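Trainee: Taken in order, these protein sequences are the chains called A and B.
Those letters in the first sequence? Residues 13 to 202, by my numbering.
Those letters in the second sequence? Residues 255 to 529, by my numbering.
Keep in mind the hints are simulated off the structure, nothing from the lab.
Be careful, since some hints might not be right.
Simulated crosslink set (BS3-like; lysine-lysine; CA at most 27 Å straight-line) [what the hints assert, rightly or not]:
#1 B:K377 <-> B:K446
#2 B:K399 <-> B:K377
#3 A:K79 <-> B:K513
#4 A:K79 <-> B:K446
#5 B:K399 <-> A:K74
#6 B:K399 <-> B:K446
#7 A:K111 <-> B:K446
#8 B:K502 <-> A:K79
#9 A:K111 <-> B:K377
Between beta-carbon pairs, the in silico distance windows are [unchecked claim]:
#10 A:L41 <-> B:Y353: 53 to 61 Å
#11 B:M527 <-> A:N44: 38 to 46 Å
#12 A:V81 <-> B:G512: 37 to 45 Å
Keep in mind the model is a prediction, meaning the values are calculated, not measured.
Just so it is clear, CB atoms sit at the ideal spot from N, CA and C, and this is done for glycine as well.
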Amino acid sequence: MTTAPYLIVIGGSAGGLQPILTLLPGLTLSLNAAVIIVLHRQSQYESVLTELLSARSSLPVKEAAEKEVLLPGVIYIAPADYHLLIERDHTLSLDDSEKVNFSRPSIDVTFLSAALAYRSNMAALLLSGANNDGTEGLIDVHEAGGTTAVQDPATAEVDYMPRQAIELAPVDIILQPGEMAGFINEIAGV
Amino acid sequence: MSRNPISESEVNLLLNDVLERYGYDFTAYAPASINRRVNHLYVTDRFPSFAEYRYRIISDPAYALRFVEEITVNVTEMFRDPLFYQALRTQVLPILATYPFIRVWHAGCSTGEEVYSFAILLKEARLLHKAVIYATDINASVLEKGRKGIFRLSQMQQYSRNYMESGGREDFSAYYTANYEYVKFREDLGEKIIFSPHNLVTDGSFNEFQLIICRNVLIYFNKQLQDRVLTLFSDSLEQLGFLALGSKETLNFTSVTGKFRQLESREKIWRKMQL
Chain A
13 MTTAPYLIVI GGSAGGLQPI LTLLPGLTLS LNAAVIIVLH RQSQYESVLT
63 ELLSARSSLP VKEAAEKEVL LPGVIYIAPA DYHLLIERDH TLSLDDSEKV
113 NFSRPSIDVT FLSAALAYRS NMAALLLSGA NNDGTEGLID VHEAGGTTAV
163 QDPATAEVDY MPRQAIELAP VDIILQPGEM AGFINEIAGV
Chain B
255 MSRNPISESE VNLLLNDVLE RYGYDFTAYA PASINRRVNH LYVTDRFPSF
305 AEYRYRIISD PAYALRFVEE ITVNVTEMFR DPLFYQALRT QVLPILATYP
355 FIRVWHAGCS TGEEVYSFAI LLKEARLLHK AVIYATDINA SVLEKGRKGI
405 FRLSQMQQYS RNYMESGGRE DFSAYYTANY EYVKFREDLG EKIIFSPHNL
455 VTDGSFNEFQ LIICRNVLIY FNKQLQDRVL TLFSDSLEQL GFLALGSKET
505 LNFTSVTGKF RQLESREKIW RKMQL
């Protein structure tokens, strides 16, 4: 089996669930990318989240497991209470080290590690949120040649995180929730 | 890249240096996490160049020890994943109770919070008097902390909540005495714990156990090393002994999976069915 040639990483915090629920039904079945979702949340809602996203998606949705191979057309959810890292051989690793930006999983950690593994063959999308996570990671993705996208703060339930990112990171495109699926399909569709 | 100044091949050079000079083998660790930590230490300690970082590690054994201690992860908490501890209480302890003497190995115990948690379980099941817990880690300074049994007072509210969620019915604060920002756990809990250095990568088995606990350690190893360490655990368990892993770790798809059967709770506890 060949690993996913392209990677989309979506990071969200407070208010990040809504745009994810909006974009999932629009993803094409022929998506030639793996999709990773890093969403800050309380660990007790763990299984509910995977079920909730699964119900909205025609593509398979699963919690990311360590050593798992990234496959195209699969949506991986970073488990609560672990950082999610991507190895150069396109497998996943978990890490329970210190929180970053008061968060575990941290969006910055996954964005940076994805950038090191996928270089220009990836895109990062940062959604609504109330903290600083994700901005540094978008800079890393940009430096590695990847595409950076941010939710339009005007559409975000909590606009702090996307606003920070737009101010401090090189952002290629600002998206409405309704445009996100199309954006992903276009850069990673077949 | 600016936030990842040390490349993967440079990381590999350092890991080889540390192996050759000091005997610590990190070369079979999963690369992404070790890469992140090697870079993090480089930035934290403000090295001006990779060459200076490398020279310091090669020439200064005290700094090399810091390197070893900092690139390994030492995050832990008491009664982490309370339902796991509940499963130990209800499914494992009643069976351990039937043995005249209970030997437990807690591998990769870090500063010992989970070891004291397990000692509390044994105490409440009235089994601690006939048990010994070998608590091991690669990192000598975290073991020293564990030996002291002194933890931060600020954590106790969370730990007390975890304890209750794990099925604890006692007054959690009765297990320690508080002094300013720290608490010290009761001496009788620590009496049955032997903190001792052990390197899962290079050291072998040292006893036979009825229970081995190793949580959130295997996630840092590559597949081959995982298999090797699981074989070490399997060889160190009595028949019908238990192996308890972290909440995202599994025996599935490993070389020892055929010898073990997972308990029916959804917790990551397996029982050795075959020698």
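Trainee: For every hint, state whether the structure bears it out.
Mentor: For each hint, the structure was consulted:
Taken as a hint, the K377 (chain B) and K446 (chain B) pair is honoured in the structure, with Cα atoms around 10 Å apart against an allowance of 27 Å. Taking the CA atoms of K399 (chain B) and K377 (chain B), the gap is near 21 Å; set against the 27 Å cutoff, the hint holds. Straight-line distance between C-alpha atoms of K79 (chain A) and K513 (chain B) comes to about 21 Å, which keeps the hinted pair within the 27 Å bound. Simply put, K79 (chain A) and K446 (chain B) have alpha-carbon atoms about 36 Å apart, too far for the 27 Å limit, and the pair is violated.
Annotation: proposed proximity of K399 (chain B) to K74 (chain A) is violated, straight-line Cα distance about 38 Å (limit 27 Å). Proposed proximity of K399 (chain B) and K446 (chain B) is supported: the alpha carbons are some 16 Å apart, at most 27 Å. Only pairs whose Cα atoms come within 27 Å are accepted, and K111 (chain A) paired with K446 (chain B) is rejected, the gap being roughly 32 Å. Restraint check for K502 (chain B) and K79 (chain A): the C-alpha separation of about 11 Å stays at or below 27 Å, so the hint holds.
The hinted pair formed by K111 (chain A) and K377 (chain B) fails the criterion: a straight-line CA distance of about 32 Å is larger than 27 Å. Look at L41 (chain A) against Y353 (chain B): about 55 Å separates their beta carbons, and that is inside 53 to 61 Å. Take M527 (chain B) and N44 (chain A): their Cβ atoms lie about 43 Å apart, and the range 38 to 46 Å holds. Taken as a hint, the range 37 to 45 Å is violated for the pair V81 (chain A) and G512 (chain B), whose Cβ atoms sit roughly 23 Å apart.
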